[in-house]
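J.: These protein sequence lines map, in sequence, to chains A and B. Under my numbering, the first residue of the first sequence is numbered 1, with each subsequent residue one higher. Under my numbering, the first residue of the second sequence is numbered 1, with each subsequent residue one higher.
Please note that the accuracy of each hint is not assured.
[As the list claims (entries may be wrong)] Subject to a maximum C-alpha distance of 20 Å in a straight line, what follows is the list of computed SDA-like cross-link-like pairs (lysine to any residue):
1) A/Lys146 - B/Lys204
2) A/Lys297 - B/Met386
3) A/Lys296 - B/Phe120
4) B/Lys38 - A/Thr172
5) A/Lys296 - B/Phe36
6) A/Lys268 - B/Val128
7) B/Lys125 - A/Gln298
8) B/Lys38 - A/Lys100
9) A/Lys268 - B/Trp126
10) B/Lys38 - A/Leu98
11) B/Lys38 - A/Pro255
12) B/Lys400 - B/Asp203
13) A/Lys296 - B/Lys400
14) A/Lys100 - B/Lys204
15) B/Lys204 - A/Lys268
16) A/Lys103 - A/Pro255
17) A/Lys296 - B/Gln82
18) A/Lys146 - B/Trp126
19) A/Lys296 - B/Asp203
[Stated by the list, open to error] Ranges of calculated distance between the beta carbons of each label pair, as one might list FRET restraints:
20) B/Val349 - A/Ser105: 24 to 34 Å
21) A/His271 - B/Ala177: 52 to 62 Å
22) A/Ala200 - B/Gly373: 51 to 61 Å
Keep in mind that the hints were calculated from the coordinates and are not lab data. Keep in mind that this is a model prediction, so the values were computed, not measured. Note that the Cβ used here is the ideal one computed from N, Cα and C, for glycine as well.
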Amino acid sequence: MAKPTRRGFLVGLAVGSASLACGGMAAAVEAGGEAVGSAQNELGMLYDATRCVGCKACMAACKRVNGDYGSLAFERAAFDPDGLWDAPQDLSGSTRTLIKLFKQSDREWSYVKYSCMHCRKPSCVSVCPVSAMTRDPRTGVVDYNKDTCIGCRYCQVACAFNIPRFQWDSATPQIVKCDLCVHTNLAKKGVTACAEACPAGAILFGKRAKLLVEARRRLAEKPGFYLDHVYGEHEVGGTNHLYLSALPFNRLGLPQLPESPPAEFSEKIQHTIYKGFVAPVALYGALCWLALRNLKKQPHDDGSHTDDDKKEGSHES
Amino acid sequence: MSHDDFQRHEAGIFTPAFFILLLLTLIGFFLVGLRFVKGIGAVSNMSDGYPWGIWITYDVATGTAIACGGYAMAILVYIRNQMHYHPMIRSAVLTSLFGYGLAGFSVMVDVGRPWNAYNFFIPSKWQVNSAMFEVALCVMAYTTVLLIEFLPAILTRLEEADSRSLQRLAERLHRKAGVDQDRLMTRIEWARAGAAWLRPRLDKVLIFIIVLGITLPTMHQSSLGSLLLIASTKLHPLWHTGFLPLLFLINCIYIGYSICILESVLSSYAFKRPFETKELAGLAAIIPWVTAIWLSVVVGDLLWRGQLGKVFAFDFYAGFFLLEIGLVGCGSFILFSAKNRRSVRWLFVSAALIVIGGALYRFNVYLIGFNPGEGWRYFPSLAEFMVTIGIIAFEILCYKVLVKILPVLPRLHGRDHTAPAVPVAPPLPQSN
């Protein structure tokens, strides 16, 4: 009986592909450091929550500068039927950046600014199937191109900070997120609109390396005033948007995250399975060989049908 | 020859069920229209925290698993060399074709900018790190493969079509629409000659297409699991594991066999045909081994990651985890007994348990175990449900109509003993 050997082969095949699927977990990270290497010129921002006065000038400037390019709209509040104010409740399909106040007690409170963190190993770029999300290797800016985006929203699923937002009420929706004014204010004036508008010096724009030095200087200058942590220095492999705060970051809505980028984990497994497209081709070849051998072995017992049919059934019981 | 394994189901098309399904389909498609005019937010409860709702979770991630009957049967017939299951394969391929075709349709409803989908065919836009890219290309390729696999049924029908009824159709078209009758008949003759020419040639290469139809689901079903690998901070540790691709692959295989049993029992019941108990018992014997492997990987992986304790937290997540494991486990346990496997009732119950449990696993990974952070809630809206129900209704509707037009169902003869090669007089009138 040939069955046991075939079964043996199949089991081997299954075990092979199984180990293929999980082998990646043990495999070493090949090029994980590629993004973290020469980062001297990467641009970013340092937001100091202790300096922010909550005036929201940054929000207004962002919408003024990026409104047309980024298809941002004013958001009306329930109390304001005349639409006098722009009153976004959260980041949204119309709002790239937002100031919120977190009140821990009457004496302990803090403003916090949300916008894209411009990760150094961004999940959104890793998962976008059509390269609509890109990361400029020189400036580190994570940009979005609505002309290639298919609107699958995988970037939203992937982002650990829940930054990318979708225009749910539009027939031609797009993803909305901060692009560091790379097509607007940065191109014209060399600085982001929010940093330019900030009257309190809470938003510092510049090269990441210099921002880190400045952040550490502030931490050393006032020991005990800040939490001794630069948020974004190591989170998910490092971000170009850095934070300083006196209150715990997770209270401000900045989640506690591991230092390894999630994109590294998923890409490692995906690359191990599909390296050089060898495994799928090998699988196809092996299956073809098996199927053809099976067909050849079919005894042409039903003599009345001797045509060229390949899928001859033997009707063995 | 194998094409004689199949026959048309001779019955009227316009049954009451037809109109109910049609109504549900129309409601669903109206809401789809609304979504394209007013945006996704107008019909769904999806949000920036839960950007994927039931359209992705059910129609795509679960629907394609339920459509894996064709895949599972092809493994059995062509790779495991169990040719006596061949008569079941065409209906499995047809349901797979619908499952995948409609999953593709759902994706087009769900994505915000479908007009940009052409970018999948532009190599400079390819993003091979993305599991979504792999899924999209594979699903498109597999739907094409399924169409080719199903082509013999259409070609046979074309070849054997009754020329008198075609003549009548041509006359009617001539009267009503002013179509040139002679030209139309020439066209039909051409199509028929083309079909006669194509079918034997297609038969020669069909096995390579069929094997492609086994390779592609292996790739994209595992990639459906890979999709959530990135959500390491959002997906509950009970489900987030590097083994997601492997678990999704095994999951779709046992769902595939179970759904074949369900479909066979249901269509035997609905179309008043004898139950294919012998074949089903054979299929059912495979399932518990596949689920046993799956359950061992699930538990072994939890142990290895040291997350087994989360199961005994008995919270919301542990509840759904235990439910999923329990459903699959119970169904498999029933099928370990050879006596149960010969009973249509137990076959149906256990296959249903396993399909529901397996589908719940996918729901757990895509929705229930997915937590984007504080303040986000998701439960599908009525309109969202109706779109999904409309798509399912459309799927069943098309299946019911097509098995009455094309030779899809297993031929009714010799199903208890070895099938004779020469067709004996079948109990139902023949189509040709």
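J.: Each hint should be assessed against the structure and marked as holding or not.
T.: Cross-check of the supplied hints:
1. A/Lys146 - B/Lys204: With Cα atoms ~45 Å apart, lysine 146 of chain A and lysine 204 of chain B exceed 20 Å; violated.
2. A/Lys297 - B/Met386: At roughly 50 Å apart (the allowed maximum being 20 Å), methionine 386 of chain B and lysine 297 of chain A break the hint.
3. A/Lys296 - B/Phe120: Violated. Lysine 296 of chain A to phenylalanine 120 of chain B sits at ~39 Å, over the 20 Å cutoff.
4. B/Lys38 - A/Thr172: Holds: lysine 38 of chain B and threonine 172 of chain A sit about 9 Å apart, inside 20 Å.
5. A/Lys296 - B/Phe36: violated, 52 Å
6. A/Lys268 - B/Val128: Given pair lysine 268 of chain A, valine 128 of chain B holds - Cα atoms ~12 Å apart, limit 20 Å.
7. B/Lys125 - A/Gln298: It is violated: about 46 Å lies between the C-alpha atoms, which goes past 20 Å.
8. B/Lys38 - A/Lys100: Cα-Cα ~30 Å, so violated.
9. A/Lys268 - B/Trp126: holds, 18 Å
10. B/Lys38 - A/Leu98: Violated, at roughly 26 Å.
11. B/Lys38 - A/Pro255: violated, 34 Å
12. B/Lys400 - B/Asp203: violated, 26 Å
13. A/Lys296 - B/Lys400: violated, 35 Å
14. A/Lys100 - B/Lys204: violated, 67 Å
15. B/Lys204 - A/Lys268: Answer violated: lysine 204 of chain B to lysine 268 of chain A is near 40 Å, above 20 Å.
16. A/Lys103 - A/Pro255: holds, 17 Å
17. A/Lys296 - B/Gln82: Status holds; Cα separation ~14 Å.
18. A/Lys146 - B/Trp126: Between lysine 146 of chain A and tryptophan 126 of chain B the Cα gap is close to 16 Å, so the pair holds against 20 Å.
19. A/Lys296 - B/Asp203: Distance ~15 Å between lysine 296 of chain A and aspartate 203 of chain B Cα, so the pair holds.
20. B/Val349 - A/Ser105: 24 to 34 Å: violated, 58 Å
21. A/His271 - B/Ala177: 52 to 62 Å: Holds, at about 57 Å.
22. A/Ala200 - B/Gly373: 51 to 61 Å: violated, 28 Å
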